[in-house]
Amino acid sequence: MEILDLVLLEPIRNILDAPLFFLEVLIGGLMSGVMYALVALGFVLIFKASGVFNFAQGSMVLFAALFFVGFMDAGLPMWLAFLLTLAVMVVLAYAVERMVLRPLVNQPAITLFMATIGITFFLDGLGQAIWGSDVRRLDVGIPEDPIIIADIFINQFDLYAAVICGTLVAALALFFQYTPTGRALRAVADDHQAAMSVGIPLSTVWTIVWIVAGIVGLVAGVMWGAKLGVQFNLSLIALKALPALILGGLTSVPGAIIGGLIIGAGEKVAEVFWGEVLGGAIEDWFAYVLAMVFLLIRPEGLFGEKIIERV
Amino acid sequence: MIYRETGQFKTSYAADQAILRLREDRIGLLVILAIAYVVMPLVASEYWLSTIMLPFLIYALAALGLNILTGYAGQISLGTGGFMATGAFAAYKLATAFPGLDFVVVLVLAGLITAFVGILFGLPSLRIKGFYLAVATLAAQFFLLWLYNKIPWFTNYSASGVISAPTRTAFGIPVTGFEASVTTKYLFVLVVVTLLSLAAKNMTRLEVGRSWMAIRDMDIAAEIIGIRPLTAKLSAFAVSSFYCGIAGALWAFSYTGAVEALAFDIGVSFRVLFMIIIGGLGTILGNYLGAAFIVLLPIFLNNALLGLGMQEAVAMASHLEAMIMGALIVFFLIVEPHGLARLWQILKEKLRKWPFPY
Numbered sequence: 001m002e003i004l005d006l007v008l009l010e011p012i013r014n015i016l017d018a019p020l021f022f023l024e025v026l027i028g029g030l031m032s033g034v035m036y037a038l039v040a041l042g043f044v045l046i047f048k049a050s051g052v053f054n055f056a057q058g059s060m061v062l063f064a065a066l067f068f069v070g071f072m073d074a075g076l077p078m079w080l081a082f083l084l085t086l087a088v089m090v091v092l093a094y095a096v097e098r099m100v101l102r103p104l105v106n107q108p109a110i111t112l113f114m115a116t117i118g119i120t121f122f123l124d125g126l127g128q129a130i131w132g133s134d135v136r137r138l139d140v141g142i143p144e145d146p147i148i149i150a151d152i153f154i155n156q157f158d159l160y161a162a163v164i165c166g167t168l169v170a171a172l173a174l175f176f177q178y179t180p181t182g183r184a185l186r187a188v189a190d191d192h193q194a195a196m197s198v199g200i201p202l203s204t205v206w207t208i209v210w211i212v213a214g215i216v217g218l219v220a221g222v223m224w225g226a227k228l229g230v231q232f233n234l235s236l237i238a239l240k241a242l243p244a245l246i247l248g249g250l251t252s253v254p255g256a257i258i259g260g261l262i263i264g265a266g267e268k269v270a271e272v273f274w275g276e277v278l279g280g281a282i283e284d285w286f287a288y289v290l291a292m293v294f295l296l297i298r299p300e301g302l303f304g305e306k307i308i309e310r311v
Numbered sequence: 001m002i003y004r005e006t007g008q009f010k011t012s013y014a015a016d017q018a019i020l021r022l023r024e025d026r027i028g029l030l031v032i033l034a035i036a037y038v039v040m041p042l043v044a045s046e047y048w049l050s051t052i053m054l055p056f057l058i059y060a061l062a063a064l065g066l067n068i069l070t071g072y073a074g075q076i077s078l079g080t081g082g083f084m085a086t087g088a089f090a091a092y093k094l095a096t097a098f099p100g101l102d103f104v105v106v107l108v109l110a111g112l113i114t115a116f117v118g119i120l121f122g123l124p125s126l127r128i129k130g131f132y133l134a135v136a137t138l139a140a141q142f143f144l145l146w147l148y149n150k151i152p153w154f155t156n157y158s159a160s161g162v163i164s165a166p167t168r169t170a171f172g173i174p175v176t177g178f179e180a181s182v183t184t185k186y187l188f189v190l191v192v193v194t195l196l197s198l199a200a201k202n203m204t205r206l207e208v209g210r211s212w213m214a215i216r217d218m219d220i221a222a223e224i225i226g227i228r229p230l231t232a233k234l235s236a237f238a239v240s241s242f243y244c245g246i247a248g249a250l251w252a253f254s255y256t257g258a259v260e261a262l263a264f265d266i267g268v269s270f271r272v273l274f275m276i277i278i279g280g281l282g283t284i285l286g287n288y289l290g291a292a293f294i295v296l297l298p299i300f301l302n303n304a305l306l307g308l309g310m311q312e313a314v315a316m317a318s319h320l321e322a323m324i325m326g327a328l329i330v331f332f333l334i335v336e337p338h339g340l341a342r343l344w345q346i347l348k349e350k351l352r353k354w355p356f357p358y
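Residue numbers (the working numbering), protein chains in the order written: chain A, 1 to 311; chain B, 1 to 358.
No incorrect hints appear here.
In silico lysine to aspartate or glutamate, DMTMM-like type, Cα no more than 25 Å apart, as pairs:
hint : chain 1 : residue 1 : chain 2 : residue 2
1    : B       : LYS93     : B       : GLU260
2    : B       : LYS129    : A       : ASP190
3    : B       : LYS201    : B       : ASP16
4    : A       : LYS306    : B       : ASP217
5    : B       : LYS129    : A       : ASP191
6    : B       : LYS129    : A       : GLU305
7    : B       : LYS129    : A       : GLU309
8    : B       : LYS129    : A       : GLU300
9    : B       : LYS129    : A       : ASP284
10   : A       : LYS306    : B       : GLU223
11   : B       : LYS150    : A       : ASP284
Treat the hints as calculated values from the structure; they're not laboratory data.
Between the sequences and the hints, there should be enough to build the whole structure, so can you do that?
See the structure below:
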């Protein structure tokens, strides 16, 4: 009974005793959830448009961050570094489409998934072979000191991250809704065959969607890099976007964001209030177990398309 | 002209259903076994045995486990490292709690415990499929490693968290720890791997293996023709985890001699996954080819870079290794989605017709 009390009741009591502190933790968690959502967004874009579960998105984040910080360290101004990295990501998108996706067209989804694991290793190796594996500090000029709103400490950096993420999502939504390219992307996402029959070139669409995912990865990489320093661990942190992604449902952009928020908030709260009882560092696995348990109840995630299977 | 079934008449059902129906295949296997059991211990240096053969055999065993789950039953798992760690720690707890226990018994029990854990983490597979399942198995990887790292009971309250594997005997011969010679360790691992490979090969030919393949090819259709997804999927998870658990226990006891959770991080899971992709999904032979490839590649690269006189060769080699591995995965998926084992198949077809082109 004592242990049950310790695990089930004591943390709740702690929360009720210090609601302000709880709120602070919750907001901090939501903010880091925004960062997960940024990475998850890239996954969803590619999955929707091409049905490829792009395991390499996390590595694209690291890859972009490595190039960005490398250009910055070389003394280039920030905008130039950003543009140059953008160019790198575009080249990457073309290369992936040409050398991986096109030869593997019509293969089962699982083959493509494994191919993206191959891309993951390749990018991790290439990025570090070029830029080295030391931790690099990235300063993009976002203030990091906390501000106080109604007695609650909020990290200013996290606020900026949330704003940037929001802008990015809004821009993406506009792009998908109102540009011809965006419409073509949505058409492909709906039905490959139908999209092809009305004359939408699939390979171009794939390249574009990988470019967009590269841009999202670049933004995520810059934000993560500024927060934690650019290092190999980044691609592991980006793995946490996976549970966020499946929690939200693989095919839904809002799902990716809400999944990210749930994962971020959930793991922070769990770590702060339950971590000590269970032995600490439960952040390592909480997101995955949460997603797994959730999927047991709803196998297609929060907003995913209902899976209908036929023989 | 040499390698064909002409003239080899089967006079009994047993002969017709043998694993190797061709005399040439049987001779070939015997030669390989003779090399592994007799020539290797006599000829190979201690370095060769302990840093190449041992990890190769143990990785091949882990790959065998994952291949049963992913290659035969079609359930992608990224939790191999977690299951191997389970086997290692189960074996450690058993070996320290019952010092007199024969190591073979310890191994089997550790495998069974891992099989149980595997079933627990396999339960979601009944609801979740494909990519969702792959991510869900990451939960096993991270949760299990955390468990062994953070709960002191698993490490017998050792302060550092790194513990050396004690010496234990099998049939009266010390096979692990400092008292066992490298050759004994190698031979012990070899016997375990041989027996388990034979068991796996036979399992895939039995009803249970066929039900795994039916589930892999299309689970709904399999259900309709009367295969229970529950038993098929969970038995695949159980058998796969049993193999991975024994591989993990051997890794800790016979190879590194230290039981530590960090040795089984997510990198191990990926490495084993690569082995089965490169080797060939759904084949037994592929596990050995894939494991040999992945174990030898870094050694080869290191030497090649050193030979070229490159500075900072170690860090560079690990990056290059990652790049080459990644590129090879993609290359294999494009050129030969069925892996190295398929190349052997093609070679056999060619040999049958040789010297005629068709």
